[in-house]
Every structure is written in C-alpha cells, then in structure tokens.
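Asker: Sequence:
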Amino acid sequence: MRPMKKILANEGVRRVLCAIGALYIWFARVTTRWQIVNDAEAAKRWDQGQPFILAFWHSRFMMMPYWYTGSRMTVMVSQHRDAEMLVRTLRPFGYEFARGSTTRKRPSPNTWASVVRRR
0 MRPMKKILAN EGVRRVLCAI GALYIWFARV TTRWQIVNDA EAAKRWDQGQ
50 PFILAFWHSR FMMMPYWYTG SRMTVMVSQH RDAEMLVRTL RPFGYEFARG
100 STTRKRPSPN TWASVVRRR
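Here numbering that gives the first Met the number 0 is used: the first residue of the sequence shown is 0, the next is one more, and so on.
Hints in this document: simulated from the structure, not taken from any laboratory.
Glycine is no exception: its CB is placed at the ideal position from the N, C-alpha and C atoms.
There's no promise every hint is true.
Said to hold, decoys possible - DEER-style ranges, computed between Cβ atoms:
1) Ala39 to Asp81: 31 to 37 Å
2) Arg32 to Met84: 25 to 31 Å
3) Val12 to Ala41: 18 to 24 Å
4) His79 to Leu53: 17 to 23 Å
5) Thr31 to Ala8: 30 to 36 Å
6) Gln47 to Val15: 36 to 42 Å
7) Lys4 to Gln47: 45 to 51 Å
8) Met63 to Glu10: 22 to 28 Å
9) Gln49 to Asn9: 38 to 44 Å
10) Ala54 to Val12: 29 to 35 Å
11) Gly11 to Lys43: 20 to 26 Å
12) Tyr23 to Gln49: 27 to 33 Å
13) Arg80 to Asp46: 35 to 41 Å
As the list claims (entries may be wrong) - Straight line, CA to CA, 20 Å or less: simulated SDA-like cross-link-like pairs of lysine to any residue:
14) Lys4 to Ala18
15) Lys43 to Met72
16) Lys4 to Ala82
17) Lys4 to His79
18) Lys4 to Glu83
19) Lys4 to Arg14
Please model the entire structure based on the sequences and the hints provided.
Answerer: And the structure:
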C-alpha cells in the first residue's frame with residue numbers, strides 16, 4: 000500500500016482532514032468576495048419551496064454551502080470512501096446526503112427514494 004493511501008486509511012486522520020476542510024470552507028467564505036450570477040430561477044424556486052436540481056462543477060463543490068444556506072438540500076454522492084470524506088466535511092453545514100452507486104452507472108432506486116422522502 001502506498002504511504003499516502005495508508006495514512007488516509009486511518010479513521011482519525013480522515014476525521015481531522017474533514018474538520019480542517021470544514022474550517023477552510025468557513026475561512027474562504029468570510030475572506031472572499033462572492034458574486035452569484037443567473038440565479039433568479041433557482042432563487043425563486045428555493046423561496047417558494049419548489050424542488051430543483053442544482054449542479055456544481057468539481058472545482059466549486061466545496062463552496063456549495065454558501066450558495067443557499069439552510070435545510071432541505073440533499074446532496075447526491077457515491078458510496079466510495081472518498082465521498083464519505085466529502086459527506087463528513089459538508090455535514091456541519093446542514094446538508095443531508097443520498098448515497099448512490101457509480102458501479103451501476105446510475106443512482107439506485109433507494110437513492111432516489113431517500114431524496115424524495117427528504118422533500
């Protein structure tokens with residue numbers, strides 16, 4: 000096993016890294032000037048409590064907690080161990096998560112059911 004992979008296999012190390020990630024997100028938020036463009040339709044649906052799908056590029060994913068804060072947002076993530084680190088990093092921001100499978104090339108019916116239940 001590669002040294003880095005061995006280090007990341009340690010549960011304590013993963014917990015610390017997720018906490019550092021959450022702190023980084025908070026720090027970036029309070030020290031960065033934000034401008035959201037073309038969000039009128041999504042904002043209208045959010046305010047009216049209507050469902051919609053919000054997509055983020057990977058490079059912007061960690062800043063997702065500051066697009067709209069609050070509850071009722073479910074993030075679809077894979078069942079892979081790397082995705083578990085993302086879940087642990089974003090959970091302090093109030094998100095819920097629906098786990099899917101990449102080996103099936105589509106989310107499972109259980110994943111969709113968990114999203115619908117949270118609505």
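Asker: Could you run down the list of hints and mark each one as holding or not?
Answerer: Here's how the hints hold up against the structure:
1. Ala39 to Asp81: 31 to 37 Å: Since the Cβ atoms of Ala39 and Asp81 sit about 34 Å apart, the hinted range of 31 to 37 Å holds.
2. Arg32 to Met84: 25 to 31 Å: Because 28 Å falls inside the window, the suggested range holds.
3. Val12 to Ala41: 18 to 24 Å: violated, 37 Å
4. His79 to Leu53: 17 to 23 Å: holds, 21 Å
5. Thr31 to Ala8: 30 to 36 Å: holds, 33 Å
6. Gln47 to Val15: 36 to 42 Å: holds, 40 Å
7. Lys4 to Gln47: 45 to 51 Å: holds, 46 Å
8. Met63 to Glu10: 22 to 28 Å: Given range 22 to 28 Å: holds, Cβ gap about 25 Å.
9. Gln49 to Asn9: 38 to 44 Å: For Gln49 and Asn9 the Cβ distance comes to about 43 Å; the hint holds.
10. Ala54 to Val12: 29 to 35 Å: For Val12 against Ala54, whose Cβ atoms are near 31 Å apart, the range 29 to 35 Å holds.
11. Gly11 to Lys43: 20 to 26 Å: violated, 44 Å
12. Tyr23 to Gln49: 27 to 33 Å: holds, 32 Å
13. Arg80 to Asp46: 35 to 41 Å: Given range 35 to 41 Å: holds, Cβ gap about 37 Å.
14. Lys4 to Ala18: holds, 19 Å
15. Lys43 to Met72: holds, 15 Å
16. Lys4 to Ala82: holds, 15 Å
17. Lys4 to His79: Given that 20 Å is the threshold and the Cα spacing comes to 14 Å, the pair holds.
18. Lys4 to Glu83: holds, 15 Å
19. Lys4 to Arg14: At roughly 15 Å apart (the allowed maximum being 20 Å), Arg14 and Lys4 satisfy the hint.
The structure fails hints 3 and 11 (numbered hints given earlier, in ascending order).
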